[in-house]
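Please arrange chain D on chain G, whose structure you already have, making use of the hints.
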Amino acid sequence: MAYSSEQEAVCVIVGASHGGVNSAFALRKEGWTGRIILVDKDDALPYHRPPLSKAFLTSDDGINSILLKPESAYHHNNIELMPGVTVASIDRGRKTLLLDNGETLAYSKLILAVGASPIIPPIQGIDTTAAVFPLRTATDVHHIKAAVAPAQGKRAVVIGGGYIGLEAAASLTKMGVSVTVVEREERVLARVTSPELSAFFEQLHRDNNVAIHTQKNVVSLGDVDGRPCVRCEDGAQYQADVVIIGVGIVVNIELAEEAGLDIENGIAVDAHARTSDPDIYAIGDCTFHYNPRYDRKVRLESVQNAVDQGKIAAAAIAATPRDYDSIPWFWSDQYDVKLQIVGLSAGYDNIVTRTESESSPPRLSVWYFRGEQLLSVDAVNQPKAYVIGTKLIKEGRPVNKETLANPSTELSLSNLAV
Amino acid sequence: MAKITFITQDNDTITAEATTGTVMELAVDNGVQGIDGDCGGVCSCATCHVHVRPEDFEKTGGPNDIEKDMLELDDEVSEYSRLSCQLDVSEALDGIILKVAH
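From first to last, the protein sequence lines stand for chains G and D.
Numbering-wise (the numbering used here), the first sequence opens with residue 7 and increments by one.
Numbering-wise (the numbering used here), the second sequence opens with residue 12 and increments by one.
Because the hints were derived from the structure by calculation, they are not lab data.
For each residue, glycine too, the CB sits at the ideal point set by N, CA and C.
Please note: incorrect hints may appear among the correct ones.
[Stated by the list, open to error] Label-pair ranges, simulated between beta-carbon atoms:
1. D76(D) - A136(G): 25 to 35 angstroms
2. T110(G) - G73(D): 53 to 63 angstroms
3. G99(G) - D76(D): 49 to 59 angstroms
4. D97(G) - P65(D): 51 to 61 angstroms
5. P89(G) - D76(D): 36 to 46 angstroms
6. P65(D) - Q158(G): 31 to 41 angstroms
7. E109(G) - D76(D): 27 to 37 angstroms
8. D329(G) - D85(D): 35 to 45 angstroms
9. G73(D) - E416(G): 36 to 46 angstroms
10. Q44(D) - E77(G): 31 to 41 angstroms
Next up, chain G with everything else stripped away, as it sits in the complex (with noise of 0.2 angstroms):
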């Protein structure tokens, strides 16, 4: 059936998280008159993510302190909700959705929002396994909440030292819970920073008394007297009250696949975050997508991403598309400390690193290089550090690394910038 004129469009999102929920917003912003109608499998108010692993599992603030928007925001802006409902197929000739409650639901335009799932690696026992959670959704962090509750005495193992299972650690510390990190690199941090900026974190961790142990192969998880035990390949073995599994995620592509659009180690878009279909949309964590700024394409974990792409995909559809050429970037707080990194470090061949001061708080920063193009910087407690680096990476221009290096030099953009 043809979509008549007399029909109200409608465009549907999958997913509404911070991608989906900016989407909806950025949509009415730029003057889409249509329906919206927001779908997730998530019974909640869309809420945001970072704090899951901070904040949120540090204090008893409950759901309404990380609230993306408040209910009546939705209301105001005519956007509706339809939380606790799981997509199940995309009918593409249709324009319809099948929803898992039987329903169909057709749209004008779609936008997939739908994120990553967790990693859960294929360990001996860690199905069967009492308090053994991932960290991706508030109802994770109840349940770990739950198992170490009260959390003075209580013992965590975070299986991968990546960013959700140190902050997770860094939380559970400031808890009370003591903490065993097991990584299977030979550093943390190892997919996605510098070994630099790996040694930094490591020695913060044990600096608040985290165990970390590196190059350790989890074998296998058991109960013993009904509480988790981590057993690794060497033979070491931990036992917790709680474990959580901080591995990775893997991009839930099965709804973009079954319907057959284009996917490269994520849905495929272009710079107007569409698809190989011209009615459906993707944004956020699940896309594959071209970053002008590194001349590659990336597929990137993080809320600015899910923001902008949100919004650029809110613009092509209310036909006023804009390109997406964001510089990435992405945040962790851990104990004291503030990592803000602009840009993709991959790729560098050289790096500079400035130390303004090693005692508590320590501030430094970790520039990374190509040739004499900045690539990424690494801004430890040292905002300065961020918003120059942004500044520079965006101009594309050279800085004087003997400058940057020397910390008795004030750093600001007319010393770094040659």
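Chain D in isolation, oriented as in the chain G frame:
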């Protein structure tokens, strides 16, 4: 209870009240355009930048160190700039007027 007024780039005026939370949260809760708060209020994104009306600056005080650094290279920075996620709502802020920077 504090009553706070936001003036957006489109010159919309929104006055909102709260007793707790941050000024950024108050703005987001009331749909103030230009206050995004993408990082959730941890001073990491600078998407909640406001200019405090000069006569109200005594009430808000100046930016903290992290905030100052985050604002330093912002195109719209002024001597009255604050990141509203770093302003806690309190009686002391009653009646202030904030101009949204972006």
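Here is how each hint holds up against the structure:
no. : hint                                 : verdict
1   : D76(D) - A136(G): 25 to 35 angstroms : 45 angstroms, violated
2   : T110(G) - G73(D): 53 to 63 angstroms : 56 angstroms, holds
3   : G99(G) - D76(D): 49 to 59 angstroms  : 58 angstroms, holds
4   : D97(G) - P65(D): 51 to 61 angstroms  : 59 angstroms, holds
5   : P89(G) - D76(D): 36 to 46 angstroms  : 40 angstroms, holds
6   : P65(D) - Q158(G): 31 to 41 angstroms : 49 angstroms, violated
7   : E109(G) - D76(D): 27 to 37 angstroms : 53 angstroms, violated
8   : D329(G) - D85(D): 35 to 45 angstroms : 23 angstroms, violated
9   : G73(D) - E416(G): 36 to 46 angstroms : 20 angstroms, violated
10  : Q44(D) - E77(G): 31 to 41 angstroms  : 19 angstroms, violated
The structure is inconsistent with the numbered hints 1, 6, 7, 8, 9, 10, although it conforms to all the rest.
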